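Chain A is fixed; fit chain B onto it per the hints.
Chains A and B, in that order, give the protein sequences.
Each number in the numbering used here comes from the position in the first sequence (counting from 1) with 3 added on.
Each number in the numbering used here comes from the position in the second sequence (counting from 1) with 612 added on.
In case anyone wonders, no lab produced these hints; they're calculated from the structure.
For clarity, every value in this text was computed on a predicted model and none was experimentally measured.
Take the hints with a grain of salt, since some may be wrong.
Example chain A residues on the side facing chain B (calculated, C-beta under 7 Å, incomplete) [stated by the list, open to error]: (1) ALA69; (2) ALA95; (3) PHE100; (4) PRO110; (5) PHE111.
Here are the computed lysine-lysine pairs in the DSBU-like style, where the Cα-Cα straight-line distance is at most 35 Å [as the list claims (entries may be wrong)]: (6) LYS211/A x LYS270/A; (7) LYS895/B x LYS659/B; (8) LYS84/A x LYS211/A; (9) LYS84/A x LYS895/B; (10) LYS894/B x LYS84/A; (11) LYS659/B x LYS894/B.
Partner residues aside, some chain A positions facing chain B, computed with beta carbon under 8 Å [stated by the list, open to error]: (12) LYS66; (13) GLN91; (14) ALA99; (15) PRO102; (16) ASP104; (17) GLN107; (18) ALA108; (19) SER112; (20) GLU115; (21) LEU118; (22) PHE122; (23) PRO123; (24) GLY135; (25) TRP136; (26) ARG142; (27) ALA158.
Yeah, the Cβ is synthetic: ideal placement off N, Cα and C, and Gly gets one too.
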Amino acid sequence: MTMVTQDRSQSAYDVQGLNFRYGTGSSSDKAPWVLQGINFCVQPGEMLGIVGPNGSGKTSLLKLLAKVTALQHGSIALFGKPLSHLRQEVVARSVAFVPQDTYQAFPFSVAETVLMGRFPHRHRKIWDLGFGWDTSEDRAIAQRAMMTMDVWHIAGRSVTGLSGGERQRVVIARALAQNPEILLLDEPTAFLDLQHHIEICSVLHRLKLERQLTIVVVSHDLNLASEYCDRVLLLDQGRVFRLGSPEDVIQPEILRTVYRCHVLVDKHPMSGLPRVTLPSRNHQSGGP
Amino acid sequence: MMRTSRPPSTPPAGMLAPSTESSRTSPRPVDEQLFHQSTLTAARWTKVIGLLLITAIVSAFVCLQFGAAYIGLPQIFHVLFQGVAGSGELDTTATILLHVRLPRVFLGFLIGCCLASVGVALQALLRNPLADPYLLGVSSGAALGVSVAVLAGVGTTMLAASVLPICGFLGSLAALLVIYRLAASYDRLPIHSLLLAGVILNAIFSALIMFVTSIMDPNRSFGMMTWLMGSLTAPTYPGLLVFSLYLVVGLTLLLRQVRVLNIMAFGEESARSLGVDTERTKKYIFLVSALMTGAVVSVSGMIGFIGMVVPHAVRLIFGADHRLLLPAAALVGGAFLMIADTFARTFVSPSELPVGIMTALAGGPFFIYLLVWRKDQMS
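Looking at chain A on its own, in the form it has when it is part of the complex:
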């Protein structure tokens, strides 16, 4: 079974000269660039937050990293190997992607869904057709993933009957069942209530510390990025506007240029990291 060798001296991701746009069927339709001239590296064991306004290309960038969308221009290297040369299945053994759309039309149980994360690790045998029964190793890994994401107690329920937050956690559990080295998440806290918001963030933080998991998370939530990410990549209209530590990126001037509105930035009373607050309603139009 081929794996991307985890050479810790290599960057987890090395992105160079990345350009991307949708609809490249014919040369006549020139869709606008979604991403332009993107260069950055992701170090192993780091948690990188990708933030930016709507339509700044965050999700497209994440999908390119996951090889869910095909690369057009530029290069992405995964642990030093060009992503475009790696087979989808090989990528799936080290990279797990949690999409925003987790819709499911059919009544799969939670346990079945999480076990699907073992698919890229399956052993193919010619005589078992496509069945590939789950081994007890698969079950153990799936069970651990379900416990980590707090969905073990709903293992028998159908995913169609879950709340948005529960489904989100199930899909993250499935991603963990892939035993990835890199976890890519698209708006993981979008549908979550406060309690599960905090829980998911702390689970991600713990996975980073304990399993040296590399995490790239796309989020609208600047405070999440500030509190949990080692570095923040701020996208604006498909370009890297700023990349650095939360203190470097989350500054009132920078946010005003990119988001075109005034926000309050102060220090979080507990962590001392930058904290973004929306202005009160009396100051929405004017500003300081």
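Quick look at chain B alone, frame taken from chain A:
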């Protein structure tokens, strides 16, 4: 057999407290009990498939009894034994049983298998529980292909048995190409667009079929109409053999993809991130579906709703895992069509109804029920 949700075996409170590190160094024993109840295991698979296989065989024997004349079970066994032994002259009852009823019951089973399994595959691919070769216009595409071939003079010989399915295949492929294009322009084809596409494809193909039948020799066009409504006629054994080859090949090819179908049901992006080559899979499934639909339509015309009703019912009872769903739906679909055809044969005896009428009468109301009362699933 039905999965039940089970109360937590471990306390949910503080579930997050044990660190992932400690659970890695001292792995918990896998709770096989819970996995057994909430996922598909090889043991449960064998049990369910065995049960359904027995059900199918029993219903085959029930169907053999009924017809223009009733034939009792002891007589059936006697004739079957005689037929296997190949001894002596056949009397009338034996001829009816061996050359009319038996091949027809077999054919009904095979066609039901095909339609239900194609329905399962298309539903997973389009992420839509209403997908059905009949409703999507795939069957009428195949029917157009076959009727053009009949117009061109392909008769009812052995040649026809092998050429007509290919013509049907080309027709259904054309229909699926349109649906593939449509589905490619959306991430998930909304249900209404899908059904509209089916309505329009059906309208176009029906118009062309009517054109073909109207320029045909009137004697043959009546036969065409009966065939179009979906009817089974007793096939010759060589014909049955050719057809079952299509089924065996198609079903084997679909079974090879059951795990991939599970993953495709979560959407293409999700599937790709789990290592599935989605473009290849879509083409593969569409080609096999077109092949099977083409073969079915060339033999039995347009029999509707089995591809939608049967997978839906099986999914409700046995769960959504395609490893079980596909073969189970195939068996249930086969049994269902055998029984529906028995009704069609006996309801207005000695005359016959097209079996397509029976399945539409059973499936149509079910479809409306789904559309009106199960909106949550259709959104």
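(message) Would the hint on PHE122/A be counted as holding, given a Cβ-Cβ threshold of 8 Å to chain B?
(response) Holds, because the Cβ-Cβ distance from PHE122/A to chain B comes to roughly 5 Å (cut-off 8 Å).
(request) Verify the interface restraint on PRO123/A: the C-beta must sit less than 8 Å from at least one C-beta of chain B. (result) holds (4 Å)
(message) Check the hint pairing LYS659/B with LYS894/B against an upper bound of 35 Å on the C-alpha distance.
(response) Holds, at roughly 31 Å.
(message) Let's test the interface hint: is any C-beta of chain B closer than 8 Å to that of GLY135/A?
(response) holds (6 Å)
(message) Tell me if the interface restraint on GLN107/A is satisfied: Cβ within less than 8 Å of some Cβ in chain B.
(response) Holds. Min distance 6 Å.
(request) Would you check whether ALA99/A satisfies its interface hint, that is, whether its CB is within less than 8 Å of any CB in chain B? (result) holds (7 Å)
(message) Please check whether LEU118/A passes as an interface residue: C-beta within 8 Å of a C-beta belonging to chain B.
(response) holds (6 Å)
(message) Let's test the interface hint: is any C-beta of chain B closer than 8 Å to that of SER112/A?
(response) holds (4 Å)
(request) Would you check whether LYS66/A satisfies its interface hint, that is, whether its CB is within less than 8 Å of any CB in chain B? (result) holds (7 Å)
(message) So if I understand the rule, the pair passes when the alpha-carbon distance is 35 Å or less; does LYS895/B with LYS659/B pass?
(response) The given pair, whose Cα atoms are some 33 Å apart, holds under the 35 Å limit.
(request) Could you check if ASP104/A really has its C-beta closer than 8 Å to a C-beta on chain B? (result) holds (6 Å)
(request) Closer than 8 Å between Cβ atoms is the bar; does ARG142/A clear it against chain B? Give me holds or violated. (result) Holds - the Cβ of ARG142/A comes within 8 Å of chain B, reaching about 5 Å at its closest.
The structure is consistent with each of the numbered hints, conforming to all of them.
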